[in-house]
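Trainee: Counting in UniProt numbering, the sequence shown runs from 1 upward without gaps.
Some hints could be false.
[As the list claims (entries may be wrong)] Derived DSBU-like pairs: lysine-lysine, alpha-carbon spacing no greater than 35 Å straight-line:
id, residue 1, residue 2
1, K33, K156
2, K40, K210
3, K95, K156
4, K492, K59
5, K183, K284
6, K147, K623
7, K156, K114
8, K38, K114
9, K631, K95
10, K156, K248
11, K457, K300
12, K137, K202
13, K95, K488
14, K284, K137
15, K40, K114
16, K665, K623
17, K137, K156
18, K736, K627
19, K147, K38
20, K631, K156
21, K457, K59
22, K156, K210
23, K210, K16
24, K248, K627
25, K488, K468
26, K631, K488
27, K453, K284
28, K147, K114
29, K202, K40
30, K40, K468
31, K210, K33
32, K59, K137
33, K114, K16
34, K453, K33
35, K16, K202
36, K351, K468
37, K284, K202
38, K156, K728
39, K284, K248
40, K156, K202
Keep in mind the hints are simulated off the structure, nothing from the lab.
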Amino acid sequence: MLLDQEGHETLRRRLKVVSIVGFGGLGKTTLAKIVFDKLKGQFDCAVFVTISLNPNMEKVLRNMLCQLDTSFNANSAMCGEAQAINELREFLRNKRYLIVIDDIWSYSVWNTVKYALIENECGSRIITTTRILDVAKQASASVYLLKPLSLADSRKLFYRRVFGTEDICPPNQLAEVSENILKKCGGVPLAVITIASLLASKKRKENTEKFWYQVYQSMGSGLEESIDVKNMRRILSISYYYLPPHLKTCLLYLTLCSEDYGIMRKEMIYKWVGEGFVQRQHGKTLYEVGEEYYEDLINKSMIQPMLYDHGIKVWSCCVHDMMLDLISSLSEEENFLRALGGSRLISEPNKIRRLSLRNIKDEDSKQVATMNLSHLRSLIVSPETFTLLPALSSFQVIRVLDLCGCTQVDNSHCKHICNLFHLRFLKLSWTSITEMPDEIGNLQLLQFLDIYKTSIKELPSTFIQLRKLEFLCVDNRTRLPEHIGNLKSLQKLLPHIAIRSPSMLRDLSRLTELRHLLVRFDEWDENYEEPFVQCLSSLVNLDSLQIFDCHNGLSSGIGNLTPGPQQLRSINIGPGTIRRVPRWMSSLSALSALDITLLTLEEEDLQILGSVPSLCNLYIWVKDHRKDRDKRLVIGSNYPFRCLTRFRIGRGAMEVGFAPGAMLKLQTFRLDFHVRHTMDQYGDFVFGLENLSTLERVIVHMNCYYAELGEVEHAEASIRKELDLNPKRTSLELEKVIIQPLNCSFIQSFVHPAFILILHFTYLVNRSMVIHGDLADDVSISNAY
Numbered sequence: 001m002l003l004d005q006e007g008h009e010t011l012r013r014r015l016k017v018v019s020i021v022g023f024g025g026l027g028k029t030t031l032a033k034i035v036f037d038k039l040k041g042q043f044d045c046a047v048f049v050t051i052s053l054n055p056n057m058e059k060v061l062r063n064m065l066c067q068l069d070t071s072f073n074a075n076s077a078m079c080g081e082a083q084a085i086n087e088l089r090e091f092l093r094n095k096r097y098l099i100v101i102d103d104i105w106s107y108s109v110w111n112t113v114k115y116a117l118i119e120n121e122c123g124s125r126i127i128t129t130t131r132i133l134d135v136a137k138q139a140s141a142s143v144y145l146l147k148p149l150s151l152a153d154s155r156k157l158f159y160r161r162v163f164g165t166e167d168i169c170p171p172n173q174l175a176e177v178s179e180n181i182l183k184k185c186g187g188v189p190l191a192v193i194t195i196a197s198l199l200a201s202k203k204r205k206e207n208t209e210k211f212w213y214q215v216y217q218s219m220g221s222g223l224e225e226s227i228d229v230k231n232m233r234r235i236l237s238i239s240y241y242y243l244p245p246h247l248k249t250c251l252l253y254l255t256l257c258s259e260d261y262g263i264m265r266k267e268m269i270y271k272w273v274g275e276g277f278v279q280r281q282h283g284k285t286l287y288e289v290g291e292e293y294y295e296d297l298i299n300k301s302m303i304q305p306m307l308y309d310h311g312i313k314v315w316s317c318c319v320h321d322m323m324l325d326l327i328s329s330l331s332e333e334e335n336f337l338r339a340l341g342g343s344r345l346i347s348e349p350n351k352i353r354r355l356s357l358r359n360i361k362d363e364d365s366k367q368v369a370t371m372n373l374s375h376l377r378s379l380i381v382s383p384e385t386f387t388l389l390p391a392l393s394s395f396q397v398i399r400v401l402d403l404c405g406c407t408q409v410d411n412s413h414c415k416h417i418c419n420l421f422h423l424r425f426l427k428l429s430w431t432s433i434t435e436m437p438d439e440i441g442n443l444q445l446l447q448f449l450d451i452y453k454t455s456i457k458e459l460p461s462t463f464i465q466l467r468k469l470e471f472l473c474v475d476n477r478t479r480l481p482e483h484i485g486n487l488k489s490l491q492k493l494l495p496h497i498a499i500r501s502p503s504m505l506r507d508l509s510r511l512t513e514l515r516h517l518l519v520r521f522d523e524w525d526e527n528y529e530e531p532f533v534q535c536l537s538s539l540v541n542l543d544s545l546q547i548f549d550c551h552n553g554l555s556s557g558i559g560n561l562t563p564g565p566q567q568l569r570s571i572n573i574g575p576g577t578i579r580r581v582p583r584w585m586s587s588l589s590a591l592s593a594l595d596i597t598l599l600t601l602e603e604e605d606l607q608i609l610g611s612v613p614s615l616c617n618l619y620i621w622v623k624d625h626r627k628d629r630d631k632r633l634v635i636g637s638n639y640p641f642r643c644l645t646r647f648r649i650g651r652g653a654m655e656v657g658f659a660p661g662a663m664l665k666l667q668t669f670r671l672d673f674h675v676r677h678t679m680d681q682y683g684d685f686v687f688g689l690e691n692l693s694t695l696e697r698v699i700v701h702m703n704c705y706y707a708e709l710g711e712v713e714h715a716e717a718s719i720r721k722e723l724d725l726n727p728k729r730t731s732l733e734l735e736k737v738i739i740q741p742l743n744c745s746f747i748q749s750f751v752h753p754a755f756i757l758i759l760h761f762t763y764l765v766n767r768s769m770v771i772h773g774d775l776a777d778d779v780s781i782s783n784a785y
């Protein structure tokens, strides 16, 4: 629908809206996301927004604007829905945009969104998804009624999840029961993948015909005769009831989360830990066990990944609407929690142990005043509901307190909070606190503290009494107390530490439980080298290292690490530069993600990087290309890169080519290069992309500054030709820009060279996207799971 050919230019430039409609679990969001990902490169800007049942439309519009316009401050004072609409219309005025509005529940929501999305005759496109046919018809004359999967496609999806491939047939004893299960799933992808995940999670000796029939029989009447919410819940509840008790508890707790945002892995795990849901295991921290719980819920398809950290570890997740409905009703039945606001209302138990307040209605606000909250263990509050709460000092047994964004919270509240002795989890980010009281030392059980984006200038000396603190997030301007090394349990410290003296490094070296370290050096000389090397050598549990800024002398300091920190899985060195890739990196058996900025790229660097045994994600930023080099560095089978799946390289001339046998697991390649510099140095654009036999996606960013039109066309044609010769159906996203260096010596005199690029004037001259092979009108939902 979105790609139809229109003969008339006026029609082609008109705003078009397509509505996808169907019941929950059918794959509306999945289909919209597939189309969005394939087409967004053709537009000036694009955004995918999910709407909850009772949304705060001002927040929704501001969130859209924040994603569309990176310069927009999402945390600026709110000025009302009308102002948000005006700002969004102004931003989109002359832009060709693609916007997906996912899960619209009412006419009023669509009318608000429609008014904010200006008709500017730029050929913009809008996709909506909804469960309600009348809403879909109001939004668009082009309504795509999503149908259930065919039995054949259901079978492929089911087999792929259970057996690892869609081509394999089940054993004879399972053939009949698998067909019965599929029929009862009724072609609903969510039901198919949920049941399949349950079966796939069982060990081989447990995965018997008897067990499969137990699953089938427990599905009840299923979807064979009718499709309704009760039957879907019956199917979904099977996976819930087969969960071990600890995972059931953790899943029910997700009902407290807002529908409008993802479930952040780290925060949720610490909330579970704070509540006491996570059971100790020998040789593992509680957080590590909690991570296993989180991964188990993903593997069992109870929650779905949203974002990945370095493309490896899941950073945030979401719960499917139907699953959230299910666990909400189960929470009510089991008297587990109470949630006011959002799309779900859970009846009030005698003792409220867990409470979430968000976007509540007037009748709900009256109930808050009558609640008995003396047994409260978890409290999550949105800014507009904070004033409904009784005094914070009344929550004497509370363990988890999340007041993020509540600007009403100030220093007086903080004093009361510091006397809630049972607190394990405390989130005060984006509040109005300006001073942390000495009483913070009272919170001896505190494990998680987030005071990011507050106005706290320094932490008191009593802060180092928090001996059980594992996670600390402070504002960049907040000065840490002396003897921070006393926080023996600290595992993660964010966002970064400004190293002002060698003694700070010696203090940091005492944080032997630290998993994540992000440092910036205000200065560097030989006095820092030994403490720095000693610090990294002492942090035996360090998992992730980021050096935010590098000085010239730092290269030798990094190079002198002998041996290197063997347990590191992620390293980020930049935006400052180092001269060479340290040799010890080749011995890091656990290293899976590396982001590094080099002065120049040499063959020795590629040899070292290619021999890192577990490297999956690699980003090389080269500050200066070698102008005396007339032949590209060729990566072939001589550089193993055994596990590399994602590779990005930039900035000047493209200095690397690929020979047959190169990077045999590479799936995504991003290339940032300067057309004129590449042509001047090598005389061609022969990169050898056809030799990357497993390549699925290529993203090319071409800087066309000072390049002739013929050179730009030559570069593009060469890249397309190589991908046409590639055996895979590789997608290409090609962006051509003019990045003109500023000739402002006074700016360059005080701005770090690595940030000059940010100040460059960028003009988009062309953006295109090609999908090699035909793009089918109907995208198979089964391929998306």
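Trainee: Verify the proposed pairing of K631 with K488, using a straight-line Cα cut of 35 Å.
Mentor: 52 Å, violated
Trainee: For K457 and K300, compute the direct alpha-carbon distance and say whether it is at most 35 Å.
Mentor: Violated. K457 to K300 sits at ~44 Å, over the 35 Å cutoff.
Trainee: Sort out whether K156 lies within 35 Å of K631, counting only the CA atoms.
Mentor: 48 Å, violated
Trainee: Just to be careful, I want the Cα atoms of K202 and K40 compared with a cutoff of 35 Å; is the pair within it?
Mentor: 39 Å, violated
Trainee: Is the Cα-Cα distance between K16 and K202 35 Å or less?
Mentor: Roughly 47 Å separates the two Cα atoms, so the pair is violated.
Trainee: Holds or violated: K284 and K137, Cα atoms, limit 35 Å.
Mentor: 54 Å, violated
Trainee: Hinted pair, alpha-carbon criterion (35 Å max): K156, K114. Please report holds or violated.
Mentor: 38 Å, violated
Trainee: Does the structure keep K631 and K95 at a Cα separation of 35 Å or less?
Mentor: 42 Å, violated
Trainee: If you draw a straight line from the CA of K95 to the CA of K156, is it 35 Å or shorter?
Mentor: 41 Å, violated
Trainee: Regarding the pair K492 and K59, is the alpha-carbon distance no greater than 35 Å?
Mentor: Distance of about 30 Å is within 35 Å: holds.
Trainee: Does the alpha-carbon distance linking K665 and K623 stay inside the 35 Å limit?
Mentor: Between K665 and K623 the Cα gap is close to 27 Å, so the pair holds against 35 Å.
Trainee: When you check the alpha-carbon spacing of K284 and K248, does it fall within 35 Å?
Mentor: 21 Å, holds
Consistency with the previously given hints fails for numbers 2, 3, 5, 6, 7, 9, 11, 12, 13, 14, 20, 23, 24, 26, 29, 30, 31 and 35, ordered from lowest to highest.
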